[in-house]
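Number of protein chains: 2
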Amino acid sequence: MTRKELIEQIKKKQSFLCVGLDSDLEKIPQHLLKFEDPILEFNKRIIDATKDYCVAYKPNIAFYESMGEQGWRTLKATLDYIPKDIFTIADAKRGDIGNTANMYAKTFFDTYNFDSVTIAPYMGEDSVTPFLLHQNKWGIVLGLTSNKGAFDFQFSELKSGELLYEKVLKTTASWGTDENLMFVVGATKAESLGSIRKIIPSHFLLVPGVGAQGGSLAEVCKYGLTADCGLLVNSSRGILYAGNDLHFAEASTKVAKEIQQEMSDLLQMI
Amino acid sequence: MTRKELIEQIKKKQSFLCVGLDSDLEKIPQHLLKFEDPILEFNKRIIDATKDYCVAYKPNIAFYESMGEQGWRTLKATLDYIPKDIFTIADAKRGDIGNTANMYAKTFFDTYNFDSVTIAPYMGEDSVTPFLLHQNKWGIVLGLTSNKGAFDFQFSELKSGELLYEKVLKTTASWGTDENLMFVVGATKAESLGSIRKIIPSHFLLVPGVGAQGGSLAEVCKYGLTADCGLLVNSSRGILYAGNDLHFAEASTKVAKEIQQEMSDLLQMI
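Residue numbers (our numbering), protein chains in the order written: chain U, 5 to 274; chain C, 5 to 274.
Careful, some of the hints might be misleading.
[To be verified] Simulated crosslink set (DSS-like; lysine-lysine; CA at most 30 Å straight-line): (1) U:163 x U:202; (2) U:110 x C:152; (3) U:163 x C:163; (4) C:110 x C:8; (5) U:152 x C:202; (6) U:31 x C:16; (7) C:110 x U:38.
[To be verified] To list a few chain U residues with every Cβ distance to chain C over 10 Å, as calculated: (8) 49; (9) 220; (10) 253.
These aren't lab readings, by the way, just hints derived from the structure by calculation. C-beta atoms are modelled at their ideal positions from N, C-alpha and C, and glycine is treated no differently.
With these hints in hand, go ahead and build the complete structure from the sequences.
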């Protein structure tokens, strides 16, 4: 999907919501366990319940990988079920030397046909650029993450005066464009978004951490919204597990719709 | 596998060689393509050819993942074929928030029964510690990698005077022990091993970059060898693709045996 197409979807749906498919056999409603592939059934119902209110889906690859071969079958079937006008993100956080990074890009872009993959930056340029060479595909590089561990290294102050994550954003941005590169910036670090927008004014940001992790949508928009929106805000557990009975899908619709309506209001700011 | 058992294997075989199973359909001998699972056939022959000369195997997960479901079947069958007294490393370079890191640990330690997984440190403590809670299993954290991109961030000079990779080694070491934590240090950075050994004197290091990437085994040992050996030196392409005809396995044996003999000599230093 191109940047232009993504922006069109955001305007049309008045939403920049990404639904994280962190689908967990231990958390889905019990009545789905009778199906041959309970996670696929769950995902299909969540997709049906939320597709009018979101512009992206983000399967968390760990949850599928942990089920072995069956998990990869479920992932493929889930991808096939997602409407073609919705952006897809493989939340895989891969990062390895060039020939291996090429293999990972092949996996997610060719074998599974995702629009984008999340990437860890620690190994530098040759671990990132192989993801930027595929037409209409995206690399989404970790900038500043939403977890407690972000403080261990990402906020390290460099001799130059920069923080490490600022150097990561600036350096990585020089390897691609705002048409093939996005960054992960956690919603729990909304106060950093102002200075981040000075470094990368036009790149889309994938923002996890709203909902279960405690980030505020209004704060994220205050500092992060651009003329093209420039945000994909993710919610996983808050939507997936909004309900846990026969009517769980309606509960997910309700939460997704509420977020979309808040987003629609916030989009009036631009 | 425990540290004690690993050290026993190293002494017994007079080797600290790890064979990287970066098995690639485009590079294996053509005559294997007639088999139903050519990569598995290749891996079995490489394992038979090298198992007397190495103490670890390291499948590069990207190469299996890129083949979809079939790749994961091949990975499982390869793991089952590796003799139980040989240490196994899932070279996956995973790293994500706590609940996701738990899923990755479950994948590699439970579903696939690996002894260890490589981990990217960028997301900090809660992305690493879930790998350290499994009995006799190991997390192997990226310290200083062997690729060109290592210079982009890992060598960043911090305000404290440390380099980023030194902070990563020191901080990460405090989250575990030398019985559940190893570090990746590239052979192409052998001159850094002296200062690295001051930070982590007793941890095992997984050292890629000897062979195709140009690192020297003697240099690595000069600076990195400890009283318990403390090294697992990896070779992938140099062994896997030593030959490319009907006698490829013999060619792999020859290269692995040569490395083992050099290692045996180097082990006399301790």
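Evaluated hints:
no.: 1; hint: U:163 x U:202; in the structure: holds (20 Å)
no.: 2; hint: U:110 x C:152; in the structure: holds (22 Å)
no.: 3; hint: U:163 x C:163; in the structure: holds (4 Å)
no.: 4; hint: C:110 x C:8; in the structure: holds (24 Å)
no.: 5; hint: U:152 x C:202; in the structure: holds (28 Å)
no.: 6; hint: U:31 x C:16; in the structure: violated (47 Å)
no.: 7; hint: C:110 x U:38; in the structure: holds (24 Å)
no.: 8; hint: 49; in the structure: holds (22 Å)
no.: 9; hint: 220; in the structure: holds (19 Å)
no.: 10; hint: 253; in the structure: holds (23 Å)
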